[in-house]
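Number of protein chains: 4
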Amino acid sequence: MKDKVVLAYSGGLDTSFCVKYLTEEKQLDVYSALANTGGFSENELKDIESKAYELGVTEHTALDVTNRYYQRCIRYMIYGNVLKNNTYPLSVSSERIFQALAIVEYARKIGAKYIAHGSTGAGNDQIRFDLTFQVLAPEIKVIAPIRNLQLSREQEIDFLKKRGINRDWTKMEYSINKGLWGTSVGGKETLTSNQTLPDEAYPSQLQKEGEETLTINFEKGEITKVNGEAFTDKIEAIKTIEGLAASYAVGRDMHVGDTIVGIKGRVGFEAAAPLVIIKAHHVLEKHTLTKWQMHWKEQLGNWYGMFLHESQYLEPSMRDIEKFLESTQRNVTGKVIIKLKPYRFEVVGIESDHDLMSSVFGEYGEMNKAWTASDVEGFTTMLATPMKIYNAVNKGELNLEDAED
Amino acid sequence: MKDKVVLAYSGGLDTSFCVKYLTEEKQLDVYSALANTGGFSENELKDIESKAYELGVTEHTALDVTNRYYQRCIRYMIYGNVLKNNTYPLSVSSERIFQALAIVEYARKIGAKYIAHGSTGAGNDQIRFDLTFQVLAPEIKVIAPIRNLQLSREQEIDFLKKRGINRDWTKMEYSINKGLWGTSVGGKETLTSNQTLPDEAYPSQLQKEGEETLTINFEKGEITKVNGEAFTDKIEAIKTIEGLAASYAVGRDMHVGDTIVGIKGRVGFEAAAPLVIIKAHHVLEKHTLTKWQMHWKEQLGNWYGMFLHESQYLEPSMRDIEKFLESTQRNVTGKVIIKLKPYRFEVVGIESDHDLMSSVFGEYGEMNKAWTASDVEGFTTMLATPMKIYNAVNKGELNLEDAED
Amino acid sequence: MKDKVVLAYSGGLDTSFCVKYLTEEKQLDVYSALANTGGFSENELKDIESKAYELGVTEHTALDVTNRYYQRCIRYMIYGNVLKNNTYPLSVSSERIFQALAIVEYARKIGAKYIAHGSTGAGNDQIRFDLTFQVLAPEIKVIAPIRNLQLSREQEIDFLKKRGINRDWTKMEYSINKGLWGTSVGGKETLTSNQTLPDEAYPSQLQKEGEETLTINFEKGEITKVNGEAFTDKIEAIKTIEGLAASYAVGRDMHVGDTIVGIKGRVGFEAAAPLVIIKAHHVLEKHTLTKWQMHWKEQLGNWYGMFLHESQYLEPSMRDIEKFLESTQRNVTGKVIIKLKPYRFEVVGIESDHDLMSSVFGEYGEMNKAWTASDVEGFTTMLATPMKIYNAVNKGELNLEDAED
Amino acid sequence: MKDKVVLAYSGGLDTSFCVKYLTEEKQLDVYSALANTGGFSENELKDIESKAYELGVTEHTALDVTNRYYQRCIRYMIYGNVLKNNTYPLSVSSERIFQALAIVEYARKIGAKYIAHGSTGAGNDQIRFDLTFQVLAPEIKVIAPIRNLQLSREQEIDFLKKRGINRDWTKMEYSINKGLWGTSVGGKETLTSNQTLPDEAYPSQLQKEGEETLTINFEKGEITKVNGEAFTDKIEAIKTIEGLAASYAVGRDMHVGDTIVGIKGRVGFEAAAPLVIIKAHHVLEKHTLTKWQMHWKEQLGNWYGMFLHESQYLEPSMRDIEKFLESTQRNVTGKVIIKLKPYRFEVVGIESDHDLMSSVFGEYGEMNKAWTASDVEGFTTMLATPMKIYNAVNKGELNLEDAED
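Protein chains in written order, with the numbering used here: chain B, 0 to 404; chain D, 0 to 404; chain P, 0 to 404; chain X, 0 to 404.
Incorrect hints may appear among the rest.
[Claimed, not checked] So the derived label-pair ranges between C-beta atoms look like this:
| no. | chain 1 | residue 1 | chain 2 | residue 2 | range |
| --- | --- | --- | --- | --- | --- |
| 1 | D | Thr371 | B | Lys160 | 26 to 34 Å |
| 2 | P | Ala391 | X | Asn393 | 26 to 34 Å |
| 3 | B | Gly209 | D | Thr371 | 17 to 25 Å |
| 4 | X | Lys238 | P | Leu148 | 56 to 64 Å |
| 5 | B | Ser49 | X | Lys25 | 56 to 64 Å |
| 6 | X | Lys238 | P | Glu228 | 47 to 55 Å |
| 7 | P | Leu205 | D | Asn147 | 57 to 65 Å |
| 8 | X | Thr212 | P | Gln204 | 18 to 26 Å |
| 9 | P | Gln204 | D | Asn147 | 55 to 63 Å |
| 10 | P | Thr57 | B | Lys219 | 41 to 49 Å |
| 11 | P | Lys112 | D | Asn147 | 24 to 32 Å |
| 12 | P | Glu58 | D | Glu23 | 54 to 62 Å |
| 13 | B | Ser151 | D | Lys219 | 39 to 47 Å |
| 14 | D | Glu23 | X | Glu350 | 47 to 55 Å |
[As the list claims (entries may be wrong)] Within a straight-line C-alpha distance of at most 25 Å, the following computed DMTMM-like cross-link-like pairs (lysine to aspartate or glutamate) qualify:
| no. | chain 1 | residue 1 | chain 2 | residue 2 |
| --- | --- | --- | --- | --- |
| 15 | P | Lys25 | P | Glu48 |
| 16 | P | Lys290 | B | Glu325 |
| 17 | X | Lys170 | X | Glu350 |
| 18 | X | Lys338 | P | Glu396 |
| 19 | P | Lys322 | B | Asp198 |
| 20 | P | Lys238 | P | Glu350 |
| 21 | D | Lys290 | X | Glu235 |
| 22 | B | Lys207 | D | Glu24 |
| 23 | D | Lys207 | B | Asp198 |
| 24 | P | Lys290 | D | Glu297 |
| 25 | B | Lys368 | D | Glu235 |
| 26 | D | Lys368 | X | Glu350 |
| 27 | P | Lys340 | X | Glu211 |
| 28 | P | Lys219 | B | Glu325 |
| 29 | P | Lys394 | D | Asp252 |
| 30 | P | Lys112 | X | Glu211 |
| 31 | D | Lys368 | P | Glu396 |
| 32 | X | Lys161 | X | Asp13 |
| 33 | X | Lys25 | X | Asp13 |
| 34 | B | Lys140 | D | Asp252 |
| 35 | X | Lys187 | P | Asp352 |
| 36 | P | Lys187 | X | Glu350 |
| 37 | X | Lys290 | D | Glu325 |
| 38 | B | Lys338 | B | Glu221 |
Hints were generated in silico from the structure; no laboratory data involved. From the three backbone atoms N, C-alpha and C, an ideal C-beta is built for every residue, glycine too.
Use the sequences and the hints to build the structure in full.
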């Protein structure tokens with residue numbers, strides 16, 4: 000009996016090569032598995048399955064981890080307003096982790112001796128796969144044929160041709176990775192530092208003119224309604240927002256940042272729903288959370304995003320941060336009003352029973368009901384004390400005029 | 000001989016009232032002083048001066064602190080990419096501090112017994128004035144007539160009328176504060192949580208169509224060229240960028256945040272140059288700084304902004320943070336290419352000799368020259384070790400499948 | 000019918016004065032309340048009660064909040080290894096908050112119109128009381144007679160004498176505040192910067208010689224056993240440790256730090272149990288938590304301590320931090336072995352099923368089982384990449400020899 | 000002509016093996032280099048040199064980097080009060096980096112093709128060497144014979160014997176690493192979690208009884224006097240303090256923490272001078288720095304220590320942190336009084352012109368001169384506002400009594 004290998008399979012050239020390579024060169028029983036985090040339609044899934052069998056896999060499985068991906072990741076990225084480098088909603092990086100988790104779990108279930116993936120040696124994904132596999136299943140050996148053989152596309156195509164596989168492997172002008180939480184677009188301009196992607200490079204194109212109001216209701220930080228319609232399935236809510244916002248071509252940008260492999264990477268992305276949701280959620284928080292909740296959420300949310308990106312999702316501190324983030328959401332409940340316009344959107348405002356800008360004690364800048372002139376004088380006297388002492392002790396160090404300008 | 004009072008004077012209703020009140024009710028010699036941080040034209044300055052004398056001040060002075068404001072504040076806000084709550088460039092709050100500093104310095108110079116300001120008891124500015132005055136000149140007493148008498152506009156106008164001052168004090172629909180680093184717009188919609196300012200509320204209106212390329216050169220974090228033209232005067236450089244960008248009506252947004260007086264405040268602003276400069280600078284940093292420089296800059300830059308906003312500019316730790324920020328800028332040199340479009344702009348890219356996305360060691364995602372497949376395997380093996388041990392010791396705690404979803 | 004005032008009563012001179020002052024000068028019905036956080040014996044409680052009635056209170060109540068204090072505060076201070084400025088276990092400051100909470104709750108329950116406390120205007124406690132009262136019962140007015148009348152001890156004694164109260168109010172040489180989580184000692188040397196308290200100033204004196212082993216078992220961060228004996232009552236466990244450790248006169252130190260009122264304060268303390276428990280807990284964590292759990296615990300634990308100290312216990316972010324801290328404790332289970340010696344103690348080591356220093360993968364520095372030489376080479380190659388690129392791009396900036404020494 | 004290899008040579012078994020292995024098996028010209036960071040006497044240096052020539056090196060050099068080590072590292076560790084995990088002064092780890100820097104600089108100077116070191120594959124040092132070498136001299140290849148050949152001590156001894164080298168290689172019971180900034184002690188008990196080192200394991204033994212006062216003067220954070228005697232050579236000052244303090248056997252402890260290779264490590268150390276200096280410096284800072292300077296120093300100082308430990312000394316952000324730390328020291332000037340006793344020491348107090356506990360505005364807890372009762376009331380009213388609003392809006396969420404205990 001042959002040994003089993005679970006292959007993280009996508010239907011593309013690299014993983015197609017892997018099937019043939021593993022079955023014929025390595026004499027393994029290939030169990031291809033597609034970990035679906037919400038980026039595939041039914042038809043796409045069927046097509047991938049039939050192609051897998053055609054290549055000779057022993058068994059193909061589609062692992063649906065969309066719900067887990069939402070429950071254990073997207074939810075926290077929203078709570079944490081996670082935008083890497085203030086820009087990027089971790090569209091692809093966060094999904095890879097959940098795909099890796101699904102693959103390793105499946106491999107342990109069927110008692111596979113190997114796990115294989117089609118990543119090259121150039122990017123982040125290989126780390127996300129290898130690391131997750133090693134942590135959770137140190138007994139299973141990882142094979143990464145494309146990386147280890149250092150094959151070019153032409154060599155792969157040639158290898159497949161010789162084994163009777165003649166598909167159209169035409170390389171797209173841009174390498175596009177579509178997922179539930181956004182689509183990344185790489186190639187050409189993204190390999191330079193001084194050019195940006197042309198409009199045509201993005202999968203979604205502007206379809207609407209004028210402007211349109213969109214409302215999103217949150218309850219304890221989670222989406223409950225879109226334009227007044229209730230959603231219990233959060234995935235559906237996200238897809239609905241994506242449908243509305245993507246037609247205005249919003250949520251496009253370029254991310255420049257540090258990769259896990261240590262070099263700077265640059266990638267374009269479109270992520271209409273993630274951007275709209277995070278900005279809306281953030282504004283709702285500005286109204287419902289206190290200054291120090293916002294302060295610490297920013298620290299921990301950004302760190303969470305960084306670790307998620309860098310394949311440290313399983314690090315135990317991530318669970319602790321999730322508890323923190325969840326706790327902060329207890330009053331993040333209300334409606335956010337957004338205006339969609341071509342290529343941009345704005346958050347108009349919010350309505351919430353938990354709005355701390357409530358006028359119970361007066362509006363800012365208007366007649367105040369919560370304090371007197373004398374209270375302010377006392378306040379500033381006390382606030383001034385430490386600096387007053389410092390300046391007295393340190394002989395006027397704080398006086399600007401004494402220093403050169 | 001009467002006692003001297005220095006009045007922070009702007010020419011508006013509140014400070015006009017203060018002149019009359021201090022001279023006639025308090026029997027003080029009023030030295031009116033306008034602290035100019037770059038928001039006034041020559042004509043405006045003259046007009047303010049003549050109005051001051053008309054009201055009866057003993058002496059009027061315009062204190063130009065524009066350069067100091069740039070050297071000791073704006074520069075660091077750029078280094079730190081300071082946007083409060085990820086949104087607001089501290090347009091007005093940072094200027095107030097430098098106005099207060101100029102006033103207190105002047106008061107000490109002329110031996111004033113009192114300093115007066117026209118702030119009400121409702122906002123942040125009173126704290127910025129009182130606190131700065133107290134820290135640097137605890138021997139000088141602060142008078143804030145509007146706050147302490149709790150006067151309404153009508154009462155002030157009436158008081159002035161009775162003393163022969165009949166000007167047009169018509170209240171503007173919006174309260175507008177114009178400065179070098181942006182203009183704030185308050186009133187009506189900003190007092191609600193669910194409405195946003197209409198286009199007409201903003202002082203600058205869209206004047207251009209189509210798109211236009213703007214380039215900004217930075218050297219060690221400071222602007223040196225705009226569209227190829229060299230600027231040694233950084234204030235002029237900022238004003239030039241403002242002129243170009245404001246005609247596209249970019250840099251508008253709403254800031255919602257915590258005030259020093261403890262309640263939530265909401266204010267609109269337009270800050271074309273600050274937003275364009277900060278975003279451009281930030282992208283240049285993403286290319287030229289390391290991951291950990293970016294990480295710590297974010298912590299310290301945000302804190303710097305918060306303290307600046309909250310009137311803690313004189314706190315000694317601010318000087319330490321400035322040293323840090325300055326040090327990080329040693330390689331932030333290069334050209335940033337921006338595209339201006341109606342109501343929005345995008346950073347196209349950068350060109351820099353210090354670009355760490357340099358292809359010396361290969362581009363991200365392409366064939367790598369800096370490591371081998373085996374290096375990555377070693378890397379992930381080592382990275383995985385702590386979590387592998389954790390999972391072994393803690394009996395599979397990290398395995399997701401064992402937990403409920 | 001007279002209005003009710005709840006007086007935070009301790010039986011000392013200041014609060015005795017308050018009873019007489021409030022009943023006779025203010026014509027109020029005084030409800031004296033002693034909020035007990037674990038620092039009083041049964042006899043002390045009875046004595047305080049009888050003295051209260053003797054002074055003329057309408058009703059006296061002892062509010063036992065020891066358990067709440069542990070559940071809602073001490074527990075988190077242990078989880079967070081809270082030592083202010085790396086030294087001080089917040090012995091008194093944390094208790095004041097829970098006393099204030101009990102008082103305001105009681106005042107609301109009996110419908111009091113006023114709350115009174117005996118704090119002077121010089122310290123932190125007045126802030127802790129006032130702030131807590133205002134936040135939770137803005138409708139109740141606070142009276143602080145000693146602070147507002149600025150009375151000297153002599154004036155208070157005189158006032159009481161005139162009303163027939165002749166007790167021995169002899170001032171102690173040191174002001175001592177005894178509580179469950181430590182005792183503070185102020186006066187004489189603590190008012191200087193260059194002297195320390197003599198041994199005799201501390202309430203507990205060295206009673207033992209030689210050395211003694213103490214073991215503490217923790218389960219999820221909470222004490223379960225002391226020297227092998229199980230404790231369900233955590234208060235009893237703490238008192239048992241205190242009994243053992245205090246006889247070795249350990250846990251003494253001086254705290255110098257920033258007070259809420261803005262000046263530096265210096266105070267001696269003895270806190271045998273808190274110091275032993277926190278150090279023991281900390282070492283157990285070093286063995287059972289990951290690097291990043293320790294990293295973030297330090298940030299959040301220190302902040303928690305600072306906010307607790309500064310009367311910000313009710314700030315909503317504190318509840319979020321508690322969730323974080325609690326989550327980190329899931330594997331902090333094991334036995335810690337401590338050696339007590341005169342004036343010092345050392346943590347010998349720990350035993351835990353969750354010890355990550357487990358030899359499953361080899362001991363540090365010994366033959367390793369988890370990686371190969373080649374893995375380390377790959378690891379360092381990858382780790383070196385960003386700095387290698389930086390140095391290449393920035394023309395040898397990292398080479399030390401090129402710079403002056 | 001043979002290729003040159005620079006060998007980081009210490010005279011021990013491992014590096015002695017390397018000389019023979021590199022000359023005879025690899026046919027290289029060995030340039031042995033001892034990087035001295037202050038832990039060697041003249042005699043030791045001579046002995047090491049003669050042994051090197053005896054083994055057949057082409058040339059031996061002693062590189063004295065003591066001064067650089069102080070200027071570029073120890074100084075900042077003092078500024079930052081660096082104690083890893085609140086315990087360990089990075090005695091050995093920080094020295095390794097400066098040894099590696101000296102070695103790579105020397106290798107570049109003489110045009111070596113290889114650098115060799117004697118580290119095993121089990122510890123942190125290999126990473127410190129490899130990483131530093133790679134970053135600064137990517138063109139030089141690193142050889143680590145002991146690691147790569149996985150040799151046992153016996154095999155090494157045998158190899159040397161066969162080549163006529165018969166020295167006494169008796170393994171010490173503990174592995175001891177002596178340096179300027181402390182000595183580490185590993186072996187036996189440190190490989191367990193539940194035992195501590197016996198007194199005899201430490202190189203320095205208790206030599207004095209009773210107690211002794213020690214004073215240290217700091218100027219801008221650097222030591223200028225010890226017991227009143229001025230020192231311009233900071234290394235001498237440190238050695239003088241070490242001489243005095245070590246005779247009381249202070250500064251011993253166990254460090255448990257995360258290694259760079261990913262597992263937990265435990266090591267004993269004695270570091271009398273570092274501990275005394277850091278604690279003294281820290282107390283001086285508590286008196287001379289503001290709350291927020293202390294706050295940020297703690298964050299950045301701890302991070303600096305972590306990165307130093309983990310071989311990230313060359314990371315550019317470290318230079319930025321150094322600028323921050325240096326800036327904070329501008330007023331850290333004064334005398335610290337310490338009392339040395341057997342096995343422990345206490346900081347008695349400080350004297351400084353920059354002492355913020357100055358009585359200009361009154362002592363803490365005593366009659367205050369800087370504010371009135373009314374000021375405190377205003378202060379607490381303002382401080383209470385955000386929480387008062389929060390509690391009003393969120394229907395009493397902050398009231399503890401409504402929740403279960």
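Going through the hints against the structure:
1. D:Thr371 to B:Lys160: 26 to 34 Å: Holds: the Cβ-Cβ distance is about 28 Å, inside 26 to 34 Å.
2. P:Ala391 to X:Asn393: 26 to 34 Å: The hinted range 26 to 34 Å is violated for P:Ala391 and X:Asn393, with Cβ atoms some 55 Å apart.
3. B:Gly209 to D:Thr371: 17 to 25 Å: The hint (17 to 25 Å, Cβ to Cβ) is violated, given that B:Gly209 and D:Thr371 are roughly 54 Å apart.
4. X:Lys238 to P:Leu148: 56 to 64 Å: For P:Leu148 against X:Lys238, whose Cβ atoms are near 59 Å apart, the range 56 to 64 Å holds.
5. B:Ser49 to X:Lys25: 56 to 64 Å: 57 Å Cβ-Cβ, so the 56 to 64 Å window holds.
6. X:Lys238 to P:Glu228: 47 to 55 Å: 49 Å, holds
7. P:Leu205 to D:Asn147: 57 to 65 Å: Given a distance of about 59 Å, which is inside 57 to 65 Å, the answer is holds.
8. X:Thr212 to P:Gln204: 18 to 26 Å: 23 Å, holds
9. P:Gln204 to D:Asn147: 55 to 63 Å: This hint holds: roughly 56 Å between Cβ atoms.
10. P:Thr57 to B:Lys219: 41 to 49 Å: 45 Å, holds
11. P:Lys112 to D:Asn147: 24 to 32 Å: At 29 Å between Cβs, range holds.
12. P:Glu58 to D:Glu23: 54 to 62 Å: Holds, since P:Glu58 and D:Glu23 (Cβ atoms, about 57 Å apart) stay within the stated range.
13. B:Ser151 to D:Lys219: 39 to 47 Å: 43 Å, holds
14. D:Glu23 to X:Glu350: 47 to 55 Å: 53 Å, holds
15. P:Lys25 to P:Glu48: OK: P:Lys25 and P:Glu48 at ~22 Å, within 25 Å.
16. P:Lys290 to B:Glu325: At roughly 23 Å apart (the allowed maximum being 25 Å), B:Glu325 and P:Lys290 satisfy the hint.
17. X:Lys170 to X:Glu350: 48 Å, violated
18. X:Lys338 to P:Glu396: 44 Å, violated
19. P:Lys322 to B:Asp198: 45 Å, violated
20. P:Lys238 to P:Glu350: The hint holds at about 23 Å.
21. D:Lys290 to X:Glu235: 38 Å, violated
22. B:Lys207 to D:Glu24: 64 Å, violated
23. D:Lys207 to B:Asp198: 21 Å, holds
24. P:Lys290 to D:Glu297: 22 Å, holds
25. B:Lys368 to D:Glu235: 43 Å, violated
26. D:Lys368 to X:Glu350: 58 Å, violated
27. P:Lys340 to X:Glu211: 20 Å, holds
28. P:Lys219 to B:Glu325: Cα-Cα ~21 Å, so holds.
29. P:Lys394 to D:Asp252: 41 Å, violated
30. P:Lys112 to X:Glu211: 59 Å, violated
31. D:Lys368 to P:Glu396: 22 Å, holds
32. X:Lys161 to X:Asp13: 16 Å, holds
33. X:Lys25 to X:Asp13: 16 Å, holds
34. B:Lys140 to D:Asp252: 53 Å, violated
35. X:Lys187 to P:Asp352: Holds, because 21 Å separates the two Cα atoms, which is no more than 25 Å.
36. P:Lys187 to X:Glu350: 16 Å, holds
37. X:Lys290 to D:Glu325: 23 Å, holds
38. B:Lys338 to B:Glu221: 20 Å, holds
Checked against the numbered hints above, the structure violates hints 2, 3, 17, 18, 19, 21, 22, 25, 26, 29, 30, 34; every other hint is satisfied.
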